[in-house]
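**Q** If you're matching them up, the sequences are chains A, B and C in order.
Numbered according to the numbering used here, the first sequence spans residues 1 to 435.
Numbered according to the numbering used here, the second sequence spans residues 1 to 166.
Numbered according to the numbering used here, the third sequence spans residues 1 to 742.
These are computed hints drawn from the structure, not numbers from a lab.
Where a beta carbon is used, it is the ideal one built from N, C-alpha and C, also for glycine.
The reader is advised that the hints may include incorrect statements.
Claimed, not checked - Here are a few chain C residues that sit away from chain B, every Cβ distance over 12 Å (derived from the structure): (1) T93; (2) G191; (3) A319; (4) A377; (5) P520; (6) H560; (7) E633; (8) K737.
Claimed, not checked - Restricting the straight-line Cα-Cα distance to at most 30 Å, the calculated cross-link-like pairs of lysine-lysine (DSBU-like) are: (9) A:K77 with A:K64; (10) C:K198 with A:K48; (11) C:K584 with C:K737; (12) C:K154 with C:K255; (13) C:K198 with A:K286; (14) A:K48 with A:K182; (15) A:K64 with C:K737; (16) C:K154 with C:K198; (17) C:K576 with C:K198.
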Amino acid sequence: MRLRRALLGVLSVVLLGAAGFVFFSRQPALPAMQPASAVSFDRALIAKGAELALIGNCNVCHSKQGGAPYAGGRPLKTPFGTIYATNITPDADTGIGAWSETAFLRAMREGVRRDGAHLYPAFPYDHFTKASVGDLRAIYAFLMTREPVRAETPNNELPFPWSQRALIAGWKLLYFKAGELKPDPTLSAELNRGAYLVEGLAHCGACHTPRNHWGAEANDRYLGGGDIDGWHAPALNGASPAPVPWTSEQLFRYLTSGFEPPHGVAAGPMQPVANNLGMVAEQDVKAIAAYIGAMLGPATANRRPAPAAPEARATSRPAGGDVKAANNDGAIIYAGACALCHEPTGQRFSAHGIALTSSKVVAMADARNLSHVILEGIDPPKASPAALMPGFGAAFTDNQVAALMAYLRSTFSDQPAWSGLEETVREARQSAREP
Amino acid sequence: MLTLNINGRPHSVEAEAATPLLYALRDELGLNGAKFGCGLGQCGACTVLLDDRPILSCITPIAVTQGRQITTLEGLGGIDNPGPVQRAFIAEQAAQCGFCIAGMIMRAEGLLRRNAQPSEQEIRTHMRANLCRCGTHMRILAAVRRAAQAVRSARVDAPPTQDARR
Amino acid sequence: MSRHPAMLSRRSLLGAGSALVVSFTLARPPFPTATAQSAPPRLPGSLRTTPMLDAWIRIDANGISVFTGKAELGQGIKTALLQVAAEELSVETKQITFITADTARTPNEGYTSGSQSMQDSATAIRHAAAQARELLIAAAAVRLGLPVEQLTAKDGVVSSPDGRRADYRELATAEFLHLEARPQSKLTDPGNYRWIGKPMPRVDIPAKVTGAIAYVQDLRLPDMVHARIVRPPSYGARLRSVEVAAVERLPGVLKVVRDGHFLAVAAQREFQAVQAMDALARASQWDEDKALPNPNELYDWVRNAASKEYVIASVGNVAETAGRSLEATYHRPYQLHGAIGPSCAVAQAEAGALTVWTHAQGVYPLRAALAEMLGLAQDKIRCIHMEGSGCYGHNGADDVAADAALMAMALPGRPVRVQWMRDQEHAWEPFGAAMVTRARASLDTGGSIATWQYEVWSNAHSTRPGGAGNLMPAWHLGRAFSQPTPEPIPQPTGGGDRNAIPLYQFPNMRIVHRFIPQMPLRVSALRGLGAYMNVFSLESFMDELALAAGVDPVEFRLRHLADARARAVVELAAEKFGWDAARKPSRGLGRGFAFAKYKNLAAYTAVAAELEVERESGQIRLLRFVAADDSGEIVNPDGVRNQIEGGIVQSTSWTLREAVAFDETRIRSRDWSTYPILRFTDLPEHVEVHLIDRPGQPFLGTGESAQGPTAAAIANAVANATGVRIRELPFTPARVKAAIAV
Ligand code: FES
Ligand code: FES
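With the hints as constraints, model all of the structure from the sequences given.
**A** Below, the structure written as structure tokens:
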């Protein structure tokens with residue numbers, strides 16, 4: 001069985017490569033140009049590009065921890081190996097300083113490097129291709145007016161055959177459809193704007209849509225929930241696991257502040273996204289929120305169990321517990337750790353944690369996010385007020401975290417118990433340790 | 001009745017299993033090292049070591065510490081025989097009000113037990129969990145560097161028994 | 001010798017409630033008395049209010065005790081005072097038992113605040129000690145039959161050249177120092193200093209780093225119980241109803257106290273009290289009003305609220321004639337003291353008397369306020385200072401003492417410890433006031449300032465307990481006390497207008513303080529008071545003017561600065577920093593300079609800053625601070641350095657991060673997530689402090705002098721790095737990014 005799968009795999013790689021090779025394994029190189037000077041761009045165009053670059057989260061992938069913004073070097077872990085985000089500052093040697101606008105547009109719309117090689121789809125040109133030329137030009141103007149930073153991008157760590165860029169040509173043939181997104185005349189201007197941003201530059205689906213074996217988004221499950229960096233990106237369609245239905249207004253506040261009390265915090269890979277959206281013009285985020293809100297659809301009684309009243313939970317705090325089993329008792333751990341913030345005297349008196357009955361990470365089918373949050377906590381990246389939660393990785397053993405998670409799940413959600421929790425916790429701890 | 005292993009010795013406490021360790025240490029066992037700063041895991045004033053790793057005792061129920069080793073400030077040395085990290089803080093006069101300092105020392109101790117050659121960046125990142133309001137930070141950093149130095153030379157110079165703890 | 005009757009009452013006040021009451025003595029005064037008719041010369045420092053030597057120094061068979069009415073607040077005052085006492089008594093510091101603020105034992109020196117302790121208490125102790133030493137030498141001369149000139153005092157012994165010795169302890173008879181200080185003392189020559197000016201390790205640090213009892217939080221008395229308060233959800237909230245029965249049944253609960261809107265619970269164990277407090281809060285119902293200004297229009301409120309105008313300086317004619325003129329408006333939000341350890345106190349009521357262990361900055365004023373609140377005579381209350389977490393001004397220390405006093409009265413006989421929770425500390429402490437300033441100036445043709453106008457709008461900067469109305473818990477009692485309408489602190493120190501008058505020489509200048517009595521948010525003294533904002537504003541404005549005049553900012557300051565010590569500090573900071581007037585601005589990298597003489601009366605401090613601004617995020621990366629300081633005669637150089645370094649880092653946190661959040665009903669900054677402060681990863685790479693020592697000159701307070709210059713140095717460096725001037729605090733990444741656009 002396994003062998004057959006492997007053979008099939010090899011066969012398809014060969015076919016893919018051959019197809020790619022035969023058709024267009026390489027595009028023509030475009031000539032290098034002298035770095036553009038800032039004066040050659042209109043200030044308003046640069047400002048527009050700045051906003052769009054934030055919506056596109058360019059800085060998130062193209063900056064490494066402690067590195068200069070847009071200077072690249074961040075490792076992106078994919079099932080195929082590690083790809084390093086490139087330097088997109090206008091440095092002539094190590095960045096995109098020698099890229100003409102034509103070269104930049106081609107990369108964004110077709111996924112082709114200036115020298116003609118194909119770009120891995122970890123760079124989400126399958127989304128960026130939907131952006132208008134005008135918007136892409138603005139982003140180009142913005143990027144070309146950044147401080148040039150000399151920073152070599154490390155070589156990708158991809159095993160053979162994934163190291164062969166010719167394969168990408170085949171991949172494109174199967175899964176890539178170039179072209180700008182056209183507005184749907186049946187939708188409002190706001191929804192059209194939202195769709196344009198969500199499907200295009202904001203590339204929400206890159207994380208929130210599941211991917212197939214070839215790393216392409218499964219279009220039949222658009223925004224149906226995906227994976228990123230060991231976290232689950234929850235479904236943003238009717239399959240949303242949120243125990244309290246989201247409204248577009250809540251989404252807007254969540255996306256701009258990173259925290260919306262009934263739902264919780266933008267944690268893990270979502271944190272920098274909310275950080276960016278907090279800096280862009282409100283109407284664009286409102287459009288994104290409206291579109292996602294429409295994707296989520298209206299709440300239905302059976303899909304969204306009403307959460308139990310938080311006040312009722314408060315009395316369920318255990319008084320003592322069996323001493324022998326105490327070190328592994330989720331209820332006791334909850335009472336002595338979580339309850340101090342999540343079940344305080346109520347929001348009237350404190351600025352503490354959300355009621356866990358409305359927590360999405362407790363309610364979702366995938367247990368990884370909750371295990372990450374418990375182990376690592378939430379450390380706000382911004383210097384402005386933002387939710388902060390301590391991590392319990394050092395204090396709790398894997399068993400204890402698993403016991404706590406099981407308790408939270410059974411007490412604060414109506415969802416079926418998770419299985420294999422200890423394994424989930426162990427893996428989350430492992431992935432958190434990696435850079 | 002739970003038994004906690006604190007600074008190498010067992011202690012029985014009457015507190016309920018869900019009681020945060022900080023209250024057991026201060027209120028029941030009379031240990032002053034760990035301080036109440038926020039009770040929310042945001043400031044690090046209550047930092048102690050659990051199996052050599054820094055934890056926030058204000059949000060750690062005593063239940064989870066059973067069978068594990070707890071080290072508090074008192075476990076590093078007393079006023080007449082301060083330990084290397086405490087000596088480094090005295091030498092750098094790294095305190096103003098000093099309220100945060102116990103937690104700072106414990107967090108630094110946790111780092112040095114794992115890595116006696118931390119870079120400046122590693123020290124700053126590691127200490128990030130702890131807040132100081134007096135602005136003693138620069139001296140605290142100097143004290144951690146000095147302590148790291150002391151720990152390294154102790155490893156080279158000291159007879160092995162004397163510093164077996166590390 | 002003539003004795004004023006007033007002195008008698010001071011004496012008896014001092015001894016009230018203590019075992020140390022010393023009877024009035026008619027011992028022969030050893031000093032030649034001044035003629036009774038001549039006006040008494042002013043005594044130095046706090047001797048003015050407490051002139052008896054034995055109020056400060058007592059010597060008996062057990063050794064030497066030195067007393068101060070000031071409190072250790074983490075500023076190292078105890079060590080510095082000890083150095084001064086040891087110097088002038090000519091003893092080792094370890095020979096001295098040092099006793100700080102205690103209404104039963106020490107002089108009344110009011111508050112430990114305003115960087116006054118060196119000026120007040122160190123000066124008093126120094127003179128008292130020097131006079132005591134001379135008295136001891138004189139007594140030894142009598143005993144040994146030698147002239148005083150032949151005798152020397154050292155390490156607690158007076159000795160003669162032939163080796164005869166007399167121990168201080170034998171020389172000092174019971175009433176030995178029970179006499180009034182003289183205005184002049186024979187002070188030790190700076191050339192012979194053993195202690196003053198030498199770095200001395202702080203005496204309090206070893207206990208603090210090893211977990212010995214160091215704070216009032218660590219005080220455990222036999223039979224002590226723990227109480228927690230359920231504070232209203234907002235300032236004026238009224239307790240509608242509360243179900244106490246279930247709470248009273250919780251484990252360990254001893255008593256639920258409800259008095260008007262004051263709601264609290266005491267329990268055997270501390271965590272039991274915390275849990276009971278939570279339960280009690282859940283069981284309570286409150287009515288609230290929208291009584292706070294709209295936070296989005298805070299500065300309009302500050303500008304438009306009813307205010308009293310005080311013209312605090314007016315020189316020449318500010319009507320502008322020629323030359324360029326500039327105007328700028330600056331804003332500062334409410335900011336927190338934010339002690340790391342929440343306020344705490346222990347109190348015990350027994351036999352109609354009350355003892356309170358407190359980290360309040362003034363034990364005597366607290367005693368008076370508690371007496372009024374409880375309807376007790378002052379002599380029935382004893383307040384003993386114990387250290388708390390650093391306070392940086394008037395925080396919850398007095399209030400929690402009132403909480404503890406109320407709970408102690410409810411549980412007679414049992415010591416009650418009250419500690420605030422983090423959210424209570426954040427929401428209920430009095431904040432540093434929101435302020436607006438407006439500066440306008442014109443330049444003459446030579447590029448110097450011709451006219452200068454400055455206005456500052458501010459709330460009060462001190463609402464310390466003079467009476468019960470300034471104890472917050474007293475607002476909620478059934479027999480409620482309301483907060484009195486505050487008065488501005490007059491110049492020359494000033495409150496909101498502290499340092500509003502520049503030290504620079506301007507030919508024409510007018511400075512106006514607009515004092516806003518109404519206080520929708522609770523405010524009081526925060527380190528530096530108005531000086532932080534005023535120095536931020538006027539030193540920012542000096543840079544704006546320097547830029548307009550095309551003059552290097554340091555040169556521009558020196559051009560307007562006549563005070564030689566001020567110039568020396570500016571020049572030293574510039575030199576040590578490597579200030580280069582010819583430097584070309586470089587994108588992203590900025591340098592800034594600022595200077596002030598705190599209160600125009602205390603330490604001179606100049607700060608130079610270097611930083612980077614990341615355009616894309618608006619993040620400020622601090623590279624280095626170089627400060628120069630003149631605090632007069634330096635007692636403990638390392639202590640001064642520690643204060644300046646700390647001031648720089650704390651002010652950096654205020655300047656880059658801090659603003660109290662609120663809505664029209666409640667305070668929203670209730671923990672460190674809703675009110676973030678500087679963390680280790682945000683620190684400057686390097687901070688250095690250079691001191692100018694002035695032996696023989698008066699001590700100048702240092703504790704608050706770095707706050708304003710640091711803020712302005714950062715602002716000026718950010719402007720230098722980005723070409724954009726930001727005039728609203730704090731400089732959050734979002735604000736910086738918005739200002740620099742793309
Ligand atoms: S007291 Fe534990 S983190 Fe603040
Ligand atoms: S020394 Fe006071 S809080 Fe750190």
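**Q** So, for every hint listed, does it hold in this structure?
**A** Results for each hint:
no. : hint               : verdict
1   : T93                : 16 Å, holds
2   : G191               : 27 Å, holds
3   : A319               : 44 Å, holds
4   : A377               : 33 Å, holds
5   : P520               : 25 Å, holds
6   : H560               : 30 Å, holds
7   : E633               : 20 Å, holds
8   : K737               : 23 Å, holds
9   : A:K77 with A:K64   : 13 Å, holds
10  : C:K198 with A:K48  : 60 Å, violated
11  : C:K584 with C:K737 : 23 Å, holds
12  : C:K154 with C:K255 : 57 Å, violated
13  : C:K198 with A:K286 : 63 Å, violated
14  : A:K48 with A:K182  : 20 Å, holds
15  : A:K64 with C:K737  : 20 Å, holds
16  : C:K154 with C:K198 : 18 Å, holds
17  : C:K576 with C:K198 : 22 Å, holds
Hint violations for this structure: numbers 10, 12 and 13, all remaining hints satisfied.
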